[in-house]
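Sequential numbering from 116 applies to the sequence shown in this note's numbering.
Hints were generated in silico from the structure; no laboratory data involved. Even glycine gets a Cβ: it sits at the ideal position worked out from N, Cα and C. Be a bit skeptical, because a hint or two may be false.
If you anchor each label on the Cβ, the simulated ranges turn out as follows [claimed, not checked]: (1) 210 with 125: 37 to 43 Å; (2) 241 with 164: 15 to 21 Å; (3) 272 with 208: 17 to 23 Å; (4) 210 with 128: 18 to 24 Å; (5) 207 with 154: 34 to 40 Å; (6) 162 with 272: 30 to 36 Å; (7) 208 with 164: 15 to 21 Å; (8) 166 with 220: 19 to 25 Å.
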Amino acid sequence: MVISRRALLGTGAATAAAAAGLGIAAYAHQLDDLARLVGLEPKPEPDPGDDRLIVSAAADQNALLAIVEATAATHTGLRLARFVQISTEHAKAVGVAGRIPEVPIPPSDQAKAASALAAAYATAATARAADAGRASSPDLARVLASMSAGLDQCARAVGELA
């Protein structure tokens with residue numbers, strides 16, 4: 116089977132025109148609209164900056180979870196089970212960190228341990244609020260802002276235990 120010169124040139128011209136059209140659409144940021152025209156639903160690529168925020172938040176939240184668990188195990192009288200649960204949910208929301216930093220041993224005095232834990236929650240709340248402000252994705256910003264509000268509530272509630 117031999118392809119004629121006309122067929123080859125026609126196919127090449129059509130391919131070049133399609134490639135040029137896609138190139139122009141990409142340059143004009145219209146590829147999503149073009150995909151919708153042909154019945155495809157484009158999936159947005161995550162922003163690399165958001166990926167870094169998630170990795171950082173995961174490390175912070177998993178470290179906070181380790182602190183909460185250590186304090187709960189050391190000071191059972193504080194009844195921190197609900198805070199362990201909340202911190203576990205926050206850690207799951209952003210994923211498991213690759214490596215959790217070494218966690219300091221909670222103070223032996225129960226009031227000092229509660230104050231230290233409240234400070235850790237407050238620090239995490241401030242960090243998540245800052246992360247929410249830097250997030251490109253509105254969905255990620257909402258998750259981080261909500262997490263910040265929850266962490267702030269935990270800081271206040273644990274602070275009242277001191």
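**Message:** Range first: 17 to 23 Å. Now tell me if the beta carbons of residue 272 and residue 208 are that far apart.
**Reply:** holds, 19 Å
**Message:** Between the beta carbons of residue 208 and residue 164, is the distance compatible with 15 to 21 Å?
**Reply:** This hint holds: roughly 18 Å between Cβ atoms.
**Asked** Is it true that residue 210 and residue 128 lie within 18 to 24 Å of each other by Cβ?
**Response** violated, 49 Å
**Asked** Can the suggested window of 37 to 43 Å be confirmed for the beta-carbon pair residue 210 and residue 125?
**Response** violated, 51 Å
**Prompt:** Between residue 162 and residue 272, is the Cβ distance one that fits in 30 to 36 Å?
**Reply:** With Cβ atoms ~34 Å apart, the hint holds.
**Message:** Quick check on a hinted range of 34 to 40 Å for residue 207 and residue 154, using CB atoms only.
**Reply:** Cβ of residue 207 to Cβ of residue 154: about 35 Å, so the range 34 to 40 Å holds.
**Prompt:** Regarding residue 241 and residue 164, is the given constraint of 15 to 21 Å on their beta-carbon distance met?
**Reply:** holds, 19 Å
**Asked** Between residue 166 and residue 220, is the Cβ distance one that fits in 19 to 25 Å?
**Response** violated, 33 Å
When the structure is compared with the earlier hints, violations turn up for hints 1, 4, 8 and for no others.
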